Amino acid sequence: MVSGCWDQVELEQLAMVIGVGIDYEPETKEIKLVTEIMKPGQMKSPGPSTSVTGSEDSEGAVFLLESKGRTVFEAVRELARENSRRTKWTHSEVIILGKSVVEKGASNFLDYFIRDPEPRPLQWILVAETESKTVFEAKPELESAVAMAVDGLLENAKLTSKVQPVDLIQFISYLISKTTSPTAPIITASNEGDNKKLELSGTAVFKKDKMVGRLNLVETRGMLWVTGKVKSGVIVIDLGDEQWNCLKIIRAKSSFKPRLKDGELEVEVNVNLITTLGGQISDVDMSTSEGLKILEKLAAKEINKEVMGAVKKAQSLRTDIFGFGEAFHRKYPKRWAKLEPDWEQLFPKIKVKVRSNVIVELVGKTTKPLGTL
Amino acid sequence: MQLEAGKISGSELIFIVVAFIFGSSILLLPGLDAENMGWLAIICGLILGIGFASIYTTLAMRFPGKNFVEISEAVFGKLIGKFIAVAFLGYLFHLGSLVVTDYHNFIKLILLVETPSSVIVLFALLIISYGVWHGIEVLGRVAQGMVILTVGLTLLSFVLLTNKMDFNNFLPLFDLPLKQFLWASYGTGTFPFGEVVAFLMIFAALDRPKQIRALVFKGMIYGWMFLFFASIRTIAILGPTMEIFVYPVFQTSKLISIADVFTRLEIITGIVFLMMGFLKIGILLYGAAIGTAQLFQLNSYRTLVLPLGLLMGLVALINFPNVIENIKHANDIYPIYATVFILVIPSITLVVAIIRRLPKNERGN
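Protein chains in written order, with our numbering: chain C, 1 to 373; chain V, 374 to 738.
This is chain C alone, in the form it adopts within the complex (with noise of 0.2 Å):
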């Protein structure tokens, strides 16, 4: 169509951004934006790469460009001052949230991210403890860029369920909702020799949109028993004197019920689990009908240790990260007028009850421990 002449741009002439870090500087009240841009020559390809351009390393695939604004897409297009390329963001995978914005409240920077058309709603969202630049400087190993090895982290993460990926439009209708809180993963640099490593160390917990806690990785799971979110992961269950067996989790199935009784609020959480025996680190086998009845009681009981160390957490930080007020309101619409004012002074009030469920169906390719024979 010939009106397409305006906005045409080729391939060459865009700088395509991946990964993109937030962060405020509060004395000279202006953000500071990190972004990840990709050089497209000199991407790794997958497999054995038989290419002789010398783009063996990942060293030079990405490159980090800084600005900074009064307000995010001022900085955004004040990279066009350090760039000969137009920067395109279409293709930005993450979002992370420097120390400093999170402690000021992330709503503010997060506008351009949905008003824009060009940025996703699907981005990740996570919070660096530090200066976002801290995580950017990182060298994944595998990966060309910082932000593919976050996407990948987060990828893994439904291996062990100790993390929860929350991306752009779901932490926006988190903020939305007047009682939940809105959660993202804590992601840390932690030096290595000369390079740094990437890791998910845990959840950042938010009251509107100020990060106020954190939770760690078994309480991160324990919050995801909760929502339902657990997909895989391990189950270890202590048996006493350096004894460990540990459940694989195959199929887990999580709920929670909210309930009214003579105006106490309860919940009521269910956890369903099909397992199977992943591991004994013992003497005695417990790969018999009787000695698996104990390990489903105990990981029951992990499990319920884990849920409740999550509620305590959340109860204390008087932060709904479960959605426990958005399930009152559903199930008491009427009587909702009445509780949502005090819902801060409420929720750390609600009864928790947990029933967990395990059956232990497989036990792997062997029936006995090896340290029994």
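Treat the hints as calculated values from the structure; they're not laboratory data.
Some clues are possibly wrong.
Below are the EDC-like pairs computed for lysine to aspartate or glutamate, each with C-alpha atoms no more than 16 Å apart in a straight line [stated by the list, open to error]: (1) K701(V) to D580(V); (2) K338(C) to D548(V); (3) K481(V) to E118(C).
Owing to the predicted nature of the structure, the values given are computational and were not obtained by experimental measurement.
Fit chain V to the given chain C structure using the hints.
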């Protein structure tokens, strides 16, 4: 004097009605004011719209082969009849320009950000005028292809989005003031269902006038099914976040992501809107042109198509100073403004026709 020799078949009429209902409402989903009860507002809107449409179809069946300009002259006499016809054609023209505004806003915001508005509107209307110039038969045939494609694409995007749906978003039911809900329902009745009034200019071209009512109702119900699914999809996926987006339906299709392979498919919604918008603007332009030609007793409406089309584009550019005014107009003012043309004028025409026992000696002419 026959201005339009072309005839459309019954199924073509159904397709055109579907396209008309689906037209701009695929982007500016009606019933959003009713929050998570939007789907029910759309059902109420359909019932209301069927009520409106039965007035138009009764009118059209009373005066077979005549369109609104002729009917109004027959019912109210030459002077008043022409006056009412001018007002009615003015509405069609203005409605057309409003759709062009939506069309332009969408393209400008999402697709061609830096292209001048006048260029977008000019090229859109050149194409539409070309289609209209060829007459109702062509529009009817184009509608068949486009609607079938739309059905396919809409179903595809519905299927691709099933993994993002959360049906908890529909609860709690009726968590909003009744007044707000009723207003949203009425709004849905006027936009898009009541706008079927434009077909008073098209029924004359139908080859089977006796089936008008059944055909229009069928078309409206098929069109409604789309809207209903679009509404269900949008509420289930976006939930409360939908209120912050200008184009919630488009936003949902941005969320398509299947195994990192099927992503960035929002252009599906874009294409659907461009096609349906083309038909809706085309039908309104056609109605306005043919009516104007009748008013001035021209030999052909074709000379009017391009001037009216370009004028429609110009009006579209000055309709609103900004998009917020546009949204405010659509939500608060349009339902009242439209009532005059989709309810008051047709029903008065019908009542007067019944009182005057018109048409009297249709066969004697």
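To see whether the hints hold, each was checked on the structure:
1. K701(V) to D580(V): 40 Å, violated
2. K338(C) to D548(V): 14 Å, holds
3. K481(V) to E118(C): Holds, because 13 Å separates the two Cα atoms, which is no more than 16 Å.
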